[in-house]
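Colleague: Residue numbers (this note's numbering), protein chains in the order written: chain H, 1 to 275; chain Y, 1 to 171.
The hints are simulated quantities; they were obtained by calculation from the structure and are not laboratory data. Please read all numbers here as calculations on a predicted model, not as lab measurements. Some hints here could point you the wrong way.
Some but not every residue of chain Y turned toward chain H, in silico, with C-beta under 8 Å [to be verified]:
no.: 1; residue: Ile8
no.: 2; residue: Trp63
no.: 3; residue: Ala125
From the derived model, a few chain H residues whose C-beta atoms are all more than 12 Å from chain Y [to be verified]:
no.: 4; residue: Phe11
no.: 5; residue: Arg92
no.: 6; residue: Met106
no.: 7; residue: Arg112
no.: 8; residue: Pro114
no.: 9; residue: Glu117
no.: 10; residue: Val134
no.: 11; residue: Arg163
no.: 12; residue: Gly228
no.: 13; residue: Pro232
no.: 14; residue: Val243
no.: 15; residue: Arg245
no.: 16; residue: Leu265
All residues carry an ideal CB built from backbone N, CA and C; glycine is no exception.
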Amino acid sequence: MSLWQRYRRRFAGLLVILVPLLMMSSKAGAGVGGAGFPGGVGLGLMGSLQTILYTPIAATSGLFSGWFAGDAAVEATELNAEISRLREEKSRLIGVLQENERLRKMVGFKARRPELELIPGRVIARDTTPYFRVVTLHVTTDVPLAPRMAVISAEGVVGQVNRVFADYVEVILVSDPRHRVDAITQRTRAQAVVEGLGHEKDYRAKLSYLSEKDEVREGDVVVTSGMGGVFPPELVLGTVASVERSQRGLFQEATIAPSVDASRLDEVFIVVGAK
Amino acid sequence: MPVWVAVIVGVALCLFETLLLQLLNIGDFALQLWLPLTLWLAMRKDWASSAFALAFLFFPIEWCAGGRLGLVSFGLLLPFALVRLSGLSVGAASFMTHAMMGAVAAVLHGLSMVLMLVVFDPESAIIPAILWSLWKAAVAGAVITPIFLRGMVRLEDWFLPRGRMSGARGR
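Work out the full structure, taking the sequences as your base and the hints as a guide.
Modeller: Have a look at this one:
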């Protein structure tokens with residue numbers, strides 16, 4: 001019996017335990033924009049494959065969504081080739097119209113905030129756990145991108161760049177538990193920190209370290225304060241959904257419904273600078 | 001079925017899930033397809049090749065999970081070890097057993113991650129996020145595990161028809 005055959009099982013057991021431990025020791029992904037060499041390579045590798053697969057799968061899912069969106073009465077009748085063709089065409093046109101509207105909004109946003117240097121990106125993939133809120137972008141640009149850059153859309157703040165590899169950018173969304181951003185309420189200018197919840201009503205975040213003296217109401221708009229230099233000021237983060245006293249007694253806490261519908265993200269901007 | 005096929009299937013499933021969640025706008029209903037894949041690997045006859053495959057699959061799993069590197073993989077060790085020790089087999093267990101196994105594995109996976117964080121990063125904001133979302137993971141595990149395992153049995157039959165030899169134990 002060779003040495004390999006003799007120790008194969010032990011080596012396999014050791015490897016399966018060591019790999020996660022070594023990964024964890026790198027501390028990559030513990031916060032936004034941390035160490036990330038192994039993750040960066042993986043992002044590039046998986047991003048390339050995701051881009052290749054994106055178009056055919058997008059076509060198929062468009063067909064399905066068009067099918068489900070169709071009139072039930074018509075679906076009950078025989079599904080002949082003509083109806084299938086028209087449905088497919090309809091879903092494609094709806095997709096084009098929706099994309100047109102989104103792009104119009106983005107162009108409008110760019111015109112409203114001319115001081116921001118923005119690079120467009122397209123969301124191609126999402127994380128595969130219910131615990132984190134992460135998306136992968138495909139970005140084509142010569143401008144160097146870096147971790148911690150702000151990611152926004154026409155509706156408001158989306159999140160922050162976590163890792164960059166070639167044309168692929170991993171973004172941690174505002175609702176991820178690792179995401180924090182300095183914020184103020186637009187009405188009273190009360191300062192606080194918006195932290196991702198990563199649970200409860202899917203994509204919500206919470207407003208922490210909000211002084212008890214500050215008056216905050218449901219419906220108040222929360223915007224970025226501009227402190228820290230990552231996010232430009234006055235970008236909408238969301239609206240206050242509920243307010244509760246903190247258990248510690250010094251601060252109150254509020255839950256925020258983000259202005260950006262993170263479940264329907266398609267096109268976003270990366271803020272690479274401000275004039 | 002050769003273990004390299006399982007590795008390719010695992011990588012393909014990871015990629016497919018990331019794209020599908022985005023394209024169908026259901027990012028919050030992650031199925032964690034790598035969890036039933038881990039269970040299937042644990043139920044294979046050749047434990048060493050399964051462990052090698054899992055160690056390799058940890059990388060794409062982590063890249064698609066988007067969390068703290070190593071956390072999701074570490075969480076998979078406990079379900080993998082327990083299923084291995086239990087001696088369960090793909091072919092012998094019922095649909096219901098597989099569903100329960102999927103739910104329990106998802107909970108154990110989440111709790112292992114929490115334990116790891118409590119020990120090494122007790123202030124981490126990920127801990128409450130995991131605990132809050134455990135039920136979602138359990139439901140997804142219960143739904144997808146029996147379907148996935150049946151799919152893998154079919155795939156295995158395709159490679160090695162029943163009656164000859166099987167990678168799964170206890171047939």
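Colleague: If a hint holds in the structure, say so; if it doesn't, say that too.
Modeller: Against the structure, the hints:
no.: 1; hint: Ile8; result: violated (12 Å)
no.: 2; hint: Trp63; result: holds (3 Å)
no.: 3; hint: Ala125; result: holds (4 Å)
no.: 4; hint: Phe11; result: violated (8 Å)
no.: 5; hint: Arg92; result: holds (14 Å)
no.: 6; hint: Met106; result: holds (18 Å)
no.: 7; hint: Arg112; result: holds (26 Å)
no.: 8; hint: Pro114; result: holds (30 Å)
no.: 9; hint: Glu117; result: holds (26 Å)
no.: 10; hint: Val134; result: violated (3 Å)
no.: 11; hint: Arg163; result: violated (9 Å)
no.: 12; hint: Gly228; result: holds (18 Å)
no.: 13; hint: Pro232; result: holds (25 Å)
no.: 14; hint: Val243; result: holds (19 Å)
no.: 15; hint: Arg245; result: holds (18 Å)
no.: 16; hint: Leu265; result: violated (8 Å)
When each numbered hint is compared with the structure, violations occur for hints 1, 4, 10, 11, 16.
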